[in-house]
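Chemist: Hey, can you work out the whole structure from these sequences and the hints?
Protein chains in written order, with our numbering: chain L, 1 to 167; chain G, 1 to 167.
Careful: at least some of the hints might be erroneous.
No copy is singled out in the list; a pair is fine if it fits within one copy or between any two copies.
Using 25 Å as the maximum straight-line C-alpha spacing, the simulated DSS-like pairs for lysine-lysine come out as follows [stated by the list, open to error]: (1) K151 <-> K14; (2) K3 <-> K14; (3) K12 <-> K140; (4) K151 <-> K162; (5) K3 <-> K140; (6) K30 <-> K3; (7) K12 <-> K152; (8) K140 <-> K55; (9) K152 <-> K30; (10) K140 <-> K30; (11) K152 <-> K162; (12) K151 <-> K3; (13) K14 <-> K162; (14) K30 <-> K67; (15) K140 <-> K67; (16) K3 <-> K67; (17) K151 <-> K67; (18) K14 <-> K152; (19) K152 <-> K3; (20) K162 <-> K55; (21) K140 <-> K56; (22) K67 <-> K162; (23) K55 <-> K152; (24) K12 <-> K56.
The set of hints was computed from the structure by calculation and includes no laboratory data.
Here is how the chains run, residue by residue.
Number of protein chains: 2
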Amino acid sequence: MQKQVEYPEAIKTKYPEQVVIAIARDKNGKANPVTLGWTMIVSGDPPMMAIAVAKKHYSIEAITRSKCFTIAFPSVEMADAALFFGSRSGREVDKFAEFECATEPARDIDSVLLTDAVANFECTLQSQTGAGDHFVFIGKVVCSHTSTEPKKRLYTIGPGHKLGPAS
Amino acid sequence: MQKQVEYPEAIKTKYPEQVVIAIARDKNGKANPVTLGWTMIVSGDPPMMAIAVAKKHYSIEAITRSKCFTIAFPSVEMADAALFFGSRSGREVDKFAEFECATEPARDIDSVLLTDAVANFECTLQSQTGAGDHFVFIGKVVCSHTSTEPKKRLYTIGPGHKLGPAS
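Modeler: Rendered as structure tokens:
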């Protein structure tokens with residue numbers, strides 16, 4: 001049976017929720033990573049993926065300017081990096097300088113990949129739609145990469161940014 | 001270390017992936033459920049959610065016509081229903097007539113809720129964006145419901161529509 005509840009109560013049933021780290025270069029060329037839980041695939045052919053980014057986030061400017069971004073699936077070992085990239089702003093800090101996290105150049109876009117991620121997807125910006133307090137960016141996947149070692153994907157497994165493996 | 005691979009290979013790292021059942025009424029008033037893995041929250045205030053639906057799906061017509069839809073989080077007990085609703089077309093069958101699945105009326109939109117789901121979100125259509133072979137529908141959540149009994153959410157846990165709990 002269903003009972004009506006407030007949205008914040010109902011949405012607590014969403015866990016585990018996938019986590020990605022999106023990366024785009026700002027106007028100074030600085031690669032800026034941001035941790036996001038609101039992401040999905042949107043097309044199979046061609047492959048396309050979407051991310052929702054808070055309108056106040058520094059990443060908005062970087063993505064709209066560079067018109068491309070990386071979507072990385074962080075591994076469970078990257079929980080601290082995901083927390084750091086999700087809690088600090090690129091307006092104030094150079095996140096990759098402050099938190100050690102191996103990167104390597106992307107192949108087809110002007111961005112970087114996360115060396116220790118489960119997978120990285122290079123995306124070119126296709127569209128941007130306002131939705132409440134976020135922008136939805138849709139990107140076409142132009143190049144894909146996976147880890148050479150087996151790794152488990154990181155999820156948010158409970159409220160308060162509790163991160164871990166899904167199982 | 002990362003190695004470049006084809007997209008179908010890289011995207012295999014996505015599991016577990018959340019599953020929702022979206023429901024909208026067609027022009028004859030028939031409530032038509034479709035199972036989707038491509039969904040995300042897109043706004044916190046106001047709460048908004050997005051779904052990506054294949055352009056060829058019967059649900060496209062129902063959602064664009066009725067301008068509202070339910071997003072249900074199926075429970076693990078609903079795996080067979082999720083498979084049925086995801087593999088048949090509302091053009092050919094009345095899915096709720098063919099597969100027993102308890103429903104109840106929505107409160108604020110002209111749709112139904114899934115009685116045995118973990119949660120149900122009533123959404124009014126805010127925008128529609130084409131993205132490759134899918135349309136992305138963004139809905140504003142106008143009413144939320146959860147199960148009165150504790151239930152586990154259903155996920156796709158591997159290729160070939162392998163469904164189960166995330167952990």
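Chemist: If a hint holds in the structure, say so; if it doesn't, say that too.
Modeler: Against the structure, the hints come out as follows:
no. : hint          : verdict
1   : K151 <-> K14  : both (23 Å within a copy, 12 Å between copies)
2   : K3 <-> K14    : within (17 Å within a copy, 32 Å between copies)
3   : K12 <-> K140  : between (31 Å within a copy, 17 Å between copies)
4   : K151 <-> K162 : both (19 Å within a copy, 20 Å between copies)
5   : K3 <-> K140   : between (40 Å within a copy, 19 Å between copies)
6   : K30 <-> K3    : between (48 Å within a copy, 24 Å between copies)
7   : K12 <-> K152  : both (23 Å within a copy, 12 Å between copies)
8   : K140 <-> K55  : both (21 Å within a copy, 17 Å between copies)
9   : K152 <-> K30  : neither (28 Å within a copy, 42 Å between copies)
10  : K140 <-> K30  : within (22 Å within a copy, 35 Å between copies)
11  : K152 <-> K162 : both (16 Å within a copy, 18 Å between copies)
12  : K151 <-> K3   : between (39 Å within a copy, 14 Å between copies)
13  : K14 <-> K162  : both (13 Å within a copy, 19 Å between copies)
14  : K30 <-> K67   : within (14 Å within a copy, 42 Å between copies)
15  : K140 <-> K67  : within (11 Å within a copy, 27 Å between copies)
16  : K3 <-> K67    : between (44 Å within a copy, 24 Å between copies)
17  : K151 <-> K67  : neither (29 Å within a copy, 42 Å between copies)
18  : K14 <-> K152  : both (20 Å within a copy, 10 Å between copies)
19  : K152 <-> K3   : between (36 Å within a copy, 16 Å between copies)
20  : K162 <-> K55  : within (24 Å within a copy, 36 Å between copies)
21  : K140 <-> K56  : both (24 Å within a copy, 20 Å between copies)
22  : K67 <-> K162  : neither (31 Å within a copy, 36 Å between copies)
23  : K55 <-> K152  : neither (30 Å within a copy, 32 Å between copies)
24  : K12 <-> K56   : within (24 Å within a copy, 32 Å between copies)
Violated hints, in rising order: 9, 17, 22 and 23; the structure is consistent with all others.
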